[in-house]
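Participant: One-letter residues, chain by chain:
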Amino acid sequence: MTARSAACPNCGATIEFRWSSAVQTVCPYCKAVLVRRDLDLEKVGMVSDLPPTSSPIQLGTEGRWQQDGFVVVGRIVYRYDRGGWNEWYLRTMRGGDAWLSDAQGDIGISTRATKAVALPAANDLKVGQSYAIDDTRFRVASLTRARYAGVEGELPFTTWDRDESLFADLDADGSGDTLRFATIDYSDESPVAYVGTYVELDQLAPKNLRRIEGW
Amino acid sequence: MSAPAVASLTCPQCGSAIELRTLDQALSVVCASCGSILDARDPNLHVLQEFKARQKFTPQIPLGTRGTLKGEKWEVVGYQVRGATIDGATYYWEEYLLFNPYKGFRYLTQYDGHWNDVQVLKAAPDETMSGGRPVVTLHGETFKHFQTATAETYFVLGEFPWQVRVGDRATASDFVAPPRMLSKEKTDEETTWSLGTYTPAAQIWSAFGLPGEPPHARGVYANQPDEFVSRAGSMAKRYLLFVAVIAAIVFIRLVTASRETVFATNAQFFRPGAPADSLAFVTPSFTLRGRTTDLEVTTEAQVDNGWAYFEYALVNEQTGTTYEFGREVSYYYGRDEDGNWSEGSRRDHALLPSVPAGQYFLRVAPEAQVPTPFLEYRIVVRRDVPTYTPYLIALALLALPPILVGLRAWGMESARWKESDYSSSGGDDDDDDE
Numbered sequence: 001m002t003a004r005s006a007a008c009p010n011c012g013a014t015i016e017f018r019w020s021s022a023v024q025t026v027c028p029y030c031k032a033v034l035v036r037r038d039l040d041l042e043k044v045g046m047v048s049d050l051p052p053t054s055s056p057i058q059l060g061t062e063g064r065w066q067q068d069g070f071v072v073v074g075r076i077v078y079r080y081d082r083g084g085w086n087e088w089y090l091r092t093m094r095g096g097d098a099w100l101s102d103a104q105g106d107i108g109i110s111t112r113a114t115k116a117v118a119l120p121a122a123n124d125l126k127v128g129q130s131y132a133i134d135d136t137r138f139r140v141a142s143l144t145r146a147r148y149a150g151v152e153g154e155l156p157f158t159t160w161d162r163d164e165s166l167f168a169d170l171d172a173d174g175s176g177d178t179l180r181f182a183t184i185d186y187s188d189e190s191p192v193a194y195v196g197t198y199v200e201l202d203q204l205a206p207k208n209l210r211r212i213e214g215w
Numbered sequence: 001m002s003a004p005a006v007a008s009l010t011c012p013q014c015g016s017a018i019e020l021r022t023l024d025q026a027l028s029v030v031c032a033s034c035g036s037i038l039d040a041r042d043p044n045l046h047v048l049q050e051f052k053a054r055q056k057f058t059p060q061i062p063l064g065t066r067g068t069l070k071g072e073k074w075e076v077v078g079y080q081v082r083g084a085t086i087d088g089a090t091y092y093w094e095e096y097l098l099f100n101p102y103k104g105f106r107y108l109t110q111y112d113g114h115w116n117d118v119q120v121l122k123a124a125p126d127e128t129m130s131g132g133r134p135v136v137t138l139h140g141e142t143f144k145h146f147q148t149a150t151a152e153t154y155f156v157l158g159e160f161p162w163q164v165r166v167g168d169r170a171t172a173s174d175f176v177a178p179p180r181m182l183s184k185e186k187t188d189e190e191t192t193w194s195l196g197t198y199t200p201a202a203q204i205w206s207a208f209g210l211p212g213e214p215p216h217a218r219g220v221y222a223n224q225p226d227e228f229v230s231r232a233g234s235m236a237k238r239y240l241l242f243v244a245v246i247a248a249i250v251f252i253r254l255v256t257a258s259r260e261t262v263f264a265t266n267a268q269f270f271r272p273g274a275p276a277d278s279l280a281f282v283t284p285s286f287t288l289r290g291r292t293t294d295l296e297v298t299t300e301a302q303v304d305n306g307w308a309y310f311e312y313a314l315v316n317e318q319t320g321t322t323y324e325f326g327r328e329v330s331y332y333y334g335r336d337e338d339g340n341w342s343e344g345s346r347r348d349h350a351l352l353p354s355v356p357a358g359q360y361f362l363r364v365a366p367e368a369q370v371p372t373p374f375l376e377y378r379i380v381v382r383r384d385v386p387t388y389t390p391y392l393i394a395l396a397l398l399a400l401p402p403i404l405v406g407l408r409a410w411g412m413e414s415a416r417w418k419e420s421d422y423s424s425s426g427g428d429d430d431d432d433d434e
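Order-wise, the sequence lines are chains A and B.
So the first sequence is residues 1 to 215, counted in the numbering used here.
So the second sequence is residues 1 to 434, counted in the numbering used here.
Check before you lean on any hint, since a few could be wrong.
[Said to hold, decoys possible] Simulated coverage check for chain A against chain B, where a stretch passes if three residues somewhere in it have a Cβ under 8 Å from a Cβ of chain B:
(1) 78–85
(2) 96–106
(3) 182–192
(4) 205–214
[To be verified] With a straight-line Cα cutoff of 25 Å, these simulated BS3-like cross-link-like pairs (lysine-lysine) come out:
(5) B/K144 to B/K52
(6) B/K70 to B/K122
(7) B/K70 to B/K103
(8) B/K144 to B/K418
(9) B/K70 to B/K52
(10) B/K56 to B/K73
(11) A/K43 to A/K31
(12) A/K207 to B/K144
(13) A/K126 to B/K73
(14) B/K122 to A/K126
(15) A/K115 to A/K126
(16) B/K103 to A/K207
(17) B/K186 to B/K122
(18) B/K144 to B/K73
(19) A/K207 to B/K70
To be clear, the hints were calculated from the coordinates, so they are not data collected in a lab.
These figures come from a predicted structure and were not determined experimentally.
Beta carbons are placed, not taken as given, at the ideal position from N, Cα and C, and that holds for glycine.
Turn these sequences into a full structure, and let the hints steer you where they fit.
Facilitator: Set out below in structure tokens:
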């Protein structure tokens, strides 16, 4: 699984991988969702056009965060009854990964929590409760039931069409480090925690941002 | 290739064209023609709320206006008028939603000509109590609770990243640390904190290229910066410096003044009853040497329960320059039920501020009313005599600006808090009841 390019089984276009280990990608031409099977790509579905976005991030946007360079390789668009947000999948130069979330212009970068902690079951979650994740206390600020509104680019998993799942947004508990946040994702059988920091776009020294007419 | 910045839609209610500037960020958009609030995320734009505002408002910054505020480019994409009803009166304010795809959202608020530049905080600051009042700390700065009221949405235009509706209500609490203000808005669903910075209207006008002059701000706003307090402080410090400088000058004068006697008469006598003209005389001439300085003329008359009046003219023999002045010496004394009393003095000092060097004489015309047949008097003229009066006047005048600015600062603080939940008219008892 190291080939940098492959042909789309749906339309024949050549697909260049930004991340050689991607397990799933979306053909940028025909929007076929393609899953890697050894050297070949298998079409597992189609995505409809993504809604026009005002996000300045796009596939191929590069930047730096915590002394490591990154490139945006994939995106999941989430939607819920009162809003939506983008989760951009980042691969870093040192071989790590991270998610850059982009909601109403608020940008946060998070990585999977490194320390295993007992996370609350979805049914036990309540706004206001606090939990220690990676040695920081976080307080549940909101619970959101969201679904995929679309995917693009390369992703580390083959799930591309998902039912509604639960997300818990957590703020850093107490004063001080108020730009820290955490998310618990209940999409899979066992919840997964991510810990992150809100940033200003400029702090990431971004390159290859999307050019938006008139701005 | 650059991505389009707007999407064009059609209002399902009236068919008018609608431009969406924040694209996927918009959750609701208001049709500018019919005022319907539409679900921006629904491809069919279903109507969330038909036009039901009781009153139409016109934004001072038209929607779609772009400007550069504090170095960043922003476009006005949404506008709402909200209000709070306190003691039966509704106070309205405007909120402008600004957007930049690279920066996100920002707000401007306007009340009675006072503007704030507002950013939503990503996490809640710490709420505590201090001196019986709620306070909030953010980045080490303490914000004092100012007011809590129910804010209701009265009118909307443009697009919003939330589902806006006329009639939306939130409990809004303001905490101030001028020129900043922290605002907490609480609804059943969520609590949002935002940080506002008082921004002069002229700055908004130039940022968005608005025509004319901004309307005059009325009253003192909750987080209006307290220029007078800091100015009064720095002026008071400067005043202390003045005092020190003047004290030093006075000290140097006291040490260096020559107090040279340039002329003195012996004891003179005159008969008070004689005609005034016959009493007039001129002194021998005397010389003033050195720099131009003050000249003190001391008149000492041995009046007892009477007065003497001396009309003087100091004449420069070379130039003819004449300094005319009159001095009165009076002294009364006696005894009554309270004991001995006296009034006046037998000695009088007259000071001519700046007299140049030269040859001078004095013309003296004395006049008196005393119970004695003769009056004894003496005249002494000294140059370069130190005096405090001009310095005291200078200190008093220099004290005026800091005092006036201090009064304004005090007035501004009381005007600010008069509008709060802690106004003195409400009294402390009212606060406890809340």
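Participant: Taking the hints in turn, state whether each one holds.
Facilitator: Tested hints:
1. 78–85: holds (count 4)
2. 96–106: Three-residue rule met by the region 96–106 of chain A, so holds; n is 3.
3. 182–192: Answer violated; 0 residues pass the 8 Å Cβ test.
4. 205–214: Since three or more residues must qualify, the claim that chain B covers the region 205–214 of chain A holds, with 6 doing so at under 8 Å.
5. B/K144 to B/K52: Not OK: B/K144 and B/K52 at ~37 Å, beyond 25 Å, violated.
6. B/K70 to B/K122: holds, 21 Å
7. B/K70 to B/K103: Holds. B/K70 to B/K103 sits at ~13 Å (cutoff 25 Å).
8. B/K144 to B/K418: This hinted pair holds, its Cα atoms lying about 14 Å apart.
9. B/K70 to B/K52: Status violated; Cα separation ~36 Å.
10. B/K56 to B/K73: Violated, at roughly 28 Å.
11. A/K43 to A/K31: holds, 10 Å
12. A/K207 to B/K144: Since the Cα atoms of A/K207 and B/K144 sit roughly 42 Å apart, the hinted pair is violated (cutoff 25 Å).
13. A/K126 to B/K73: violated, 40 Å
14. B/K122 to A/K126: holds, 20 Å
15. A/K115 to A/K126: holds, 22 Å
16. B/K103 to A/K207: Holds - the C-alpha atoms of A/K207 and B/K103 are around 15 Å apart, at most 25 Å.
17. B/K186 to B/K122: holds, 15 Å
18. B/K144 to B/K73: violated, 32 Å
19. A/K207 to B/K70: holds, 24 Å
Checked against the numbered hints above, the structure violates hints 3, 5, 9, 10, 12, 13 and 18; every other hint is satisfied.
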